[in-house]
Amino acid sequence: MGADDHTNKAGNAVSRGADSVGDAVDDAKDSRTVRVVARAGFVALGLIHLLIGIIALGIALGASGQADQSGAVSQLAATPGGVVLLWAGLVACGVLALYMASDAVMGWSGGGSSKPWMNRLKAAGQAIVFAVAAVTFGSFALSRPSSSSEKSRSTSADLMSSTPGTVLLVIIGVALLAAAGTYVFLGITRRYEKNLRGKPSGALGDAFTVLGVVGYCAKGVALGAVGLLILIATAEHDPSQQGGLDSALKAFLKQPFGGWVLGFVSLGLMAYGVYSLFRSRYQRL
Numbered sequence: 001m002g003a004d005d006h007t008n009k010a011g012n013a014v015s016r017g018a019d020s021v022g023d024a025v026d027d028a029k030d031s032r033t034v035r036v037v038a039r040a041g042f043v044a045l046g047l048i049h050l051l052i053g054i055i056a057l058g059i060a061l062g063a064s065g066q067a068d069q070s071g072a073v074s075q076l077a078a079t080p081g082g083v084v085l086l087w088a089g090l091v092a093c094g095v096l097a098l099y100m101a102s103d104a105v106m107g108w109s110g111g112g113s114s115k116p117w118m119n120r121l122k123a124a125g126q127a128i129v130f131a132v133a134a135v136t137f138g139s140f141a142l143s144r145p146s147s148s149s150e151k152s153r154s155t156s157a158d159l160m161s162s163t164p165g166t167v168l169l170v171i172i173g174v175a176l177l178a179a180a181g182t183y184v185f186l187g188i189t190r191r192y193e194k195n196l197r198g199k200p201s202g203a204l205g206d207a208f209t210v211l212g213v214v215g216y217c218a219k220g221v222a223l224g225a226v227g228l229l230i231l232i233a234t235a236e237h238d239p240s241q242q243g244g245l246d247s248a249l250k251a252f253l254k255q256p257f258g259g260w261v262l263g264f265v266s267l268g269l270m271a272y273g274v275y276s277l278f279r280s281r282y283q284r285l
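For the sequence shown, position 127 (counting from the first letter as 1) is numbered 127 according to UniProt numbering, and the numbering increases by one without interruption.
Simulated from the structure, these hints should not be mistaken for lab results. Bear in mind the structure is a predicted one, so any value in this text is a computation, not a measurement. All C-beta atoms, glycine included, are put in the ideal place defined by N, C-alpha and C. Watch out, some of these pointers could steer you wrong.
[As the list claims (entries may be wrong)] The calculated PhoX-like cross-link candidates involving lysine-lysine, where the alpha carbons are at most 25 Å apart (straight line), are:
#1 K122 x K199
#2 K194 x K122
#3 K151 x K250
#4 K254 x K151
[To be verified] Using C-beta positions, here's what the derived DEER-type ranges look like:
#5 G82 x T166: 15 to 25 Å
#6 E150 x R197: 38 to 48 Å
#7 R284 x A207: 31 to 41 Å
All chains, full assembly: derive it from the sequences and hints.
As structure tokens, then:
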């Protein structure tokens, strides 16, 4: 038997193994239980955005608080039955992160195939978002809470200590600005509805549309503020300025009419949170 035969057999074995893994992943994604748990991930993310919006509105009105994922999950943990909610959020967001990761690796199932590479990139981004949410839920569920703001500052400080790290921070900042523009574009054009399998009828459907438009635009503004803050902190080589979403939202207060701007953004984030609750039912998976 020649070397080519051995190579062909090895290649066929790898191909069969990949096909088996693909079939197993497809079977798991087709499972009703997996889909129900994955959809619950949108509910968990919706609650996070709703709470962030409420905290941010309080800050705009003069109260204190941490308007980011850690602050929101901390408030959720303080509610009656909070521990159960934390574990549920961990499982739901974890399953949805794996679901999106499989779409990124093996092919997008959520909408269209005209730009498969773009769909895979979008799925990868969503997988990261839900994985981070799962980690946050998990840290509080295990009684090891951490601050998103402190993590952002310490990570920025580590990256700023080297040239490659500084370049990476610039890339992240630019990527966030690009994502911000995408969210605003999707909101204004209502392109996000392409990934929905329908929506409520009548007045409820109109409200759903308004929540989506306002929510996507507000989410874009918030992401843009975070991206801009990363670029400013990197340019000034000052990691203390980079505190993630909380610092970005509070930075609005330093601008003219900043309280009003922060108030509108917080209402938009709440709208995005409520939209995500609806999305848990209507998102195409």
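Comparing the hints with the structure gives:
no. : hint                    : result
1   : K122 x K199             : holds (22 Å)
2   : K194 x K122             : holds (14 Å)
3   : K151 x K250             : holds (17 Å)
4   : K254 x K151             : holds (23 Å)
5   : G82 x T166: 15 to 25 Å  : violated (39 Å)
6   : E150 x R197: 38 to 48 Å : holds (40 Å)
7   : R284 x A207: 31 to 41 Å : violated (20 Å)
Comparing the model with each numbered hint stated earlier shows that hints 5, 7 do not hold.
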